[in-house]
Amino acid sequence: MSQQKGLIAPKKSAGQRVGAYISWLIVLGLVLWSTTGMNFDLEKALHSMPTVKNIFKGLFHPEWSFFNESEGVVDNMIITLETAFLGTSVAALLAVPFGFLAARNMSKKYVWISWFGKRILNIIRTLPELIIAIIFLVAVGPGPFAGMLAIGFHSIGMIGKLYSEAIENMDEGPMEALTAVGANRIQTLFFSVLPQVLPEFFSFALYKFEIDVRAASVLGMVGAGGIGTPLLFALQSQDWARVGIIFIGIVIAVVIIDFISGSIRKRLV
Amino acid sequence: MNQSNAFKLPPKPSRLKFIVIYLILAVLYVVSYIGIKADITELWEGLPNMGNLLAQMFPPDFAYFKSILKPMMETLKMAILGTVLGSLLAIPFTLLAARNVFLSRWITSSTRFVLNFIRTIPDLLLASIFVAIAGLGPLAGVCALVFFSFGIVTKMTYESVETIDPGPLEAMTAVGANKLQFIGFAVVPQALPAFVAYVLYTFEVCVRASAILGLVGAGGIGMVLKTNLDLFNYPHVTTIILFTLLLVIIIDSVSASIRERLL
Numbered sequence: 001m002s003q004q005k006g007l008i009a010p011k012k013s014a015g016q017r018v019g020a021y022i023s024w025l026i027v028l029g030l031v032l033w034s035t036t037g038m039n040f041d042l043e044k045a046l047h048s049m050p051t052v053k054n055i056f057k058g059l060f061h062p063e064w065s066f067f068n069e070s071e072g073v074v075d076n077m078i079i080t081l082e083t084a085f086l087g088t089s090v091a092a093l094l095a096v097p098f099g100f101l102a103a104r105n106m107s108k109k110y111v112w113i114s115w116f117g118k119r120i121l122n123i124i125r126t127l128p129e130l131i132i133a134i135i136f137l138v139a140v141g142p143g144p145f146a147g148m149l150a151i152g153f154h155s156i157g158m159i160g161k162l163y164s165e166a167i168e169n170m171d172e173g174p175m176e177a178l179t180a181v182g183a184n185r186i187q188t189l190f191f192s193v194l195p196q197v198l199p200e201f202f203s204f205a206l207y208k209f210e211i212d213v214r215a216a217s218v219l220g221m222v223g224a225g226g227i228g229t230p231l232l233f234a235l236q237s238q239d240w241a242r243v244g245i246i247f248i249g250i251v252i253a254v255v256i257i258d259f260i261s262g263s264i265r266k267r268l269v
Numbered sequence: 001m002n003q004s005n006a007f008k009l010p011p012k013p014s015r016l017k018f019i020v021i022y023l024i025l026a027v028l029y030v031v032s033y034i035g036i037k038a039d040i041t042e043l044w045e046g047l048p049n050m051g052n053l054l055a056q057m058f059p060p061d062f063a064y065f066k067s068i069l070k071p072m073m074e075t076l077k078m079a080i081l082g083t084v085l086g087s088l089l090a091i092p093f094t095l096l097a098a099r100n101v102f103l104s105r106w107i108t109s110s111t112r113f114v115l116n117f118i119r120t121i122p123d124l125l126l127a128s129i130f131v132a133i134a135g136l137g138p139l140a141g142v143c144a145l146v147f148f149s150f151g152i153v154t155k156m157t158y159e160s161v162e163t164i165d166p167g168p169l170e171a172m173t174a175v176g177a178n179k180l181q182f183i184g185f186a187v188v189p190q191a192l193p194a195f196v197a198y199v200l201y202t203f204e205v206c207v208r209a210s211a212i213l214g215l216v217g218a219g220g221i222g223m224v225l226k227t228n229l230d231l232f233n234y235p236h237v238t239t240i241i242l243f244t245l246l247l248v249i250i251i252d253s254v255s256a257s258i259r260e261r262l263l
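Protein chains in written order, with my numbering: chain Y, 1 to 269; chain Z, 1 to 263.
These are calculated hints, taken from the structure and not from any lab test. Be aware that a few hints might be false.
Derived BS3-like pairs (lysine-lysine); straight-line CA-CA distance at most 30 Å [stated by the list, open to error]:
hint: 1; chain 1: Z; residue 1: Lys70; chain 2: Z; residue 2: Lys226
hint: 2; chain 1: Y; residue 1: Lys57; chain 2: Z; residue 2: Lys155
hint: 3; chain 1: Z; residue 1: Lys179; chain 2: Y; residue 2: Lys266
hint: 4; chain 1: Y; residue 1: Lys44; chain 2: Y; residue 2: Lys57
hint: 5; chain 1: Z; residue 1: Lys155; chain 2: Y; residue 2: Lys266
hint: 6; chain 1: Z; residue 1: Lys17; chain 2: Y; residue 2: Lys266
hint: 7; chain 1: Y; residue 1: Lys118; chain 2: Y; residue 2: Lys12
hint: 8; chain 1: Y; residue 1: Lys118; chain 2: Z; residue 2: Lys155
hint: 9; chain 1: Z; residue 1: Lys226; chain 2: Y; residue 2: Lys44
hint: 10; chain 1: Z; residue 1: Lys179; chain 2: Y; residue 2: Lys12
hint: 11; chain 1: Z; residue 1: Lys155; chain 2: Z; residue 2: Lys179
hint: 12; chain 1: Z; residue 1: Lys226; chain 2: Z; residue 2: Lys66
hint: 13; chain 1: Y; residue 1: Lys118; chain 2: Y; residue 2: Lys108
hint: 14; chain 1: Z; residue 1: Lys70; chain 2: Y; residue 2: Lys44
hint: 15; chain 1: Z; residue 1: Lys226; chain 2: Z; residue 2: Lys37
hint: 16; chain 1: Z; residue 1: Lys12; chain 2: Y; residue 2: Lys266
Could you put the whole structure together from the sequences, leaning on the hints where they help?
Dropping the structure here:
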């Protein structure tokens, strides 16, 4: 008897079922509410078919000559990669103190410290990169430097959060051992904490670099240099063949970077 | 003897490797620094400008809060529609990409190739293309977010579908179930909680994306932000940023608490 019981799928209680229905109703209500004010117009949609055709024509017949001409796709993509590389590196360094600040096991007695650190990282992460880029543009003028600063600032949020989780998950044995033999805090940090978390730190920074390459390619659309700048011009003049070749450039760069970074990360952790 | 071996430290990695890695990094830094014409002095000199800007941004214009409520709701609507449609679209592709559902490598690999391709398209580029098609407004944003959320949901879900318990799958095959029964009774019940959690996570990402898509004309609060930036109306800009932060934080915490209960 008891054996058979284990084989029967657990039945949901009436309360659970009602709860599930209510949540689906809420979701349905939200979706219906969202469709209001969308102004979908079939006639207009059919009207835009020639544009769609033009876009596809352009995307499938990219302007190859723009690929490696000077100030073309390759030149701009290199700037974008450099922007992302420097930005992520700056963030990876600046995120170290934030990561330690936000890690719960680094400030055991004072819970508010890690709470405070986590809040800061959350706020940095929530500020959109493009908005930060616009603020830096005012400071240093248009160009990839502003993009680099924006990435450097914004990435602290995510990298810091990942760092703090790595610190929280580390083995505390070596730390206790060092404290037991009378090491001070700095010595514990250098000989037990850092050796454990550094490979993970590198791996997270590389992962964020992959994301930042994508981010850096659109930063140019607000004036922060790189491949986004010619992309913006091509979109504004509806030069779809040029959009096509720029898009191909972005895809190639992203795939290559993901592959290299992925294989390094596999060896690290 | 054997015992003391266990306490030996692992061999130190060779010094040469480290030196080579650091050299490569150093070269990359110098090349990049020159390449993007970075200039620390420029940042230093620009700091007063930035201080000026921040001074103009504060205090925010709280009276403006009421007039941006509607575009803010539009941003939320775009995110909801985009996520829901993108996730529905994601279901069949998720199954096609999972190696334990479709055993043919040919199907899974080609699906994954298409999915990877879609994921590399930046959201702003998608939005700009849809603005050209559907005109300025939230509809373009929804279309962009459908593709955007589709890319994220499929990737996360097929990875979790591949980690489900193979027992029920084998049982279904053993009793001669067809592909639809196999999916409906063995895959879906196992993968559904994770799927819903990923959809919620994607919704959070989409709310953030939806707030800036307006910068290229795809509706929502971003369009209002762009207008105010162009007019140098910085107190309004601050209000918009603060309101966006508030919305994002509320959505994140609600969604995170639901996700915690699901998994």
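Structure-based check of all given hints:
1. Among the hinted pairs, Lys70/Z with Lys226/Z is consistent with the structure: their alpha-carbon atoms are about 16 Å apart, no more than 30 Å.
2. Distance check on the hinted pair: Lys57/Y and Lys155/Z sit about 29 Å apart at the alpha-carbon level, within 30 Å; holds.
3. Straight-line distance between C-alpha atoms of Lys179/Z and Lys266/Y comes to about 35 Å, which puts the hinted pair past the 30 Å bound.
4. With a CA separation close to 21 Å, the supplied pair Lys44/Y and Lys57/Y stays within the 30 Å bound.
5. Among the hinted pairs, Lys155/Z with Lys266/Y is consistent with the structure: their alpha-carbon atoms are about 19 Å apart, no more than 30 Å.
6. A C-alpha spacing of about 17 Å is found between Lys17/Z and Lys266/Y, which places the hinted pair at or below 30 Å, so the restraint holds.
7. Restraint check: the Cα-Cα separation between Lys118/Y and Lys12/Y comes to about 37 Å, which exceeds 30 Å; the hinted pair is violated.
8. For the given pair, Lys118/Y sits about 28 Å from Lys155/Z by alpha-carbon distance, which is consistent with the 30 Å threshold.
9. Of the supplied pair hints, the one linking Lys226/Z and Lys44/Y holds, its CA atoms being roughly 26 Å apart against a limit of 30 Å.
10. With a CA separation close to 27 Å, the supplied pair Lys179/Z and Lys12/Y stays within the 30 Å bound.
11. For the hint linking Lys155/Z to Lys179/Z, the alpha-carbon distance of about 22 Å falls within 30 Å, and the restraint holds.
12. Simply put, Lys226/Z and Lys66/Z have alpha-carbon atoms about 18 Å apart, close enough for the 30 Å limit, and the pair holds.
13. This hinted pair checks out: Lys118/Y and Lys108/Y have alpha carbons roughly 15 Å apart, not beyond 30 Å.
14. For the hint linking Lys70/Z to Lys44/Y, the alpha-carbon distance of about 24 Å falls within 30 Å, and the restraint holds.
15. Proposed proximity of Lys226/Z and Lys37/Z is supported: the alpha carbons are some 27 Å apart, at most 30 Å.
16. Using a Cα cut-off of 30 Å, the hinted pair Lys12/Z and Lys266/Y holds, with the two alpha carbons roughly 20 Å apart.
Checked against the numbered hints above, the structure breaks hints 3 and 7 and satisfies the rest.
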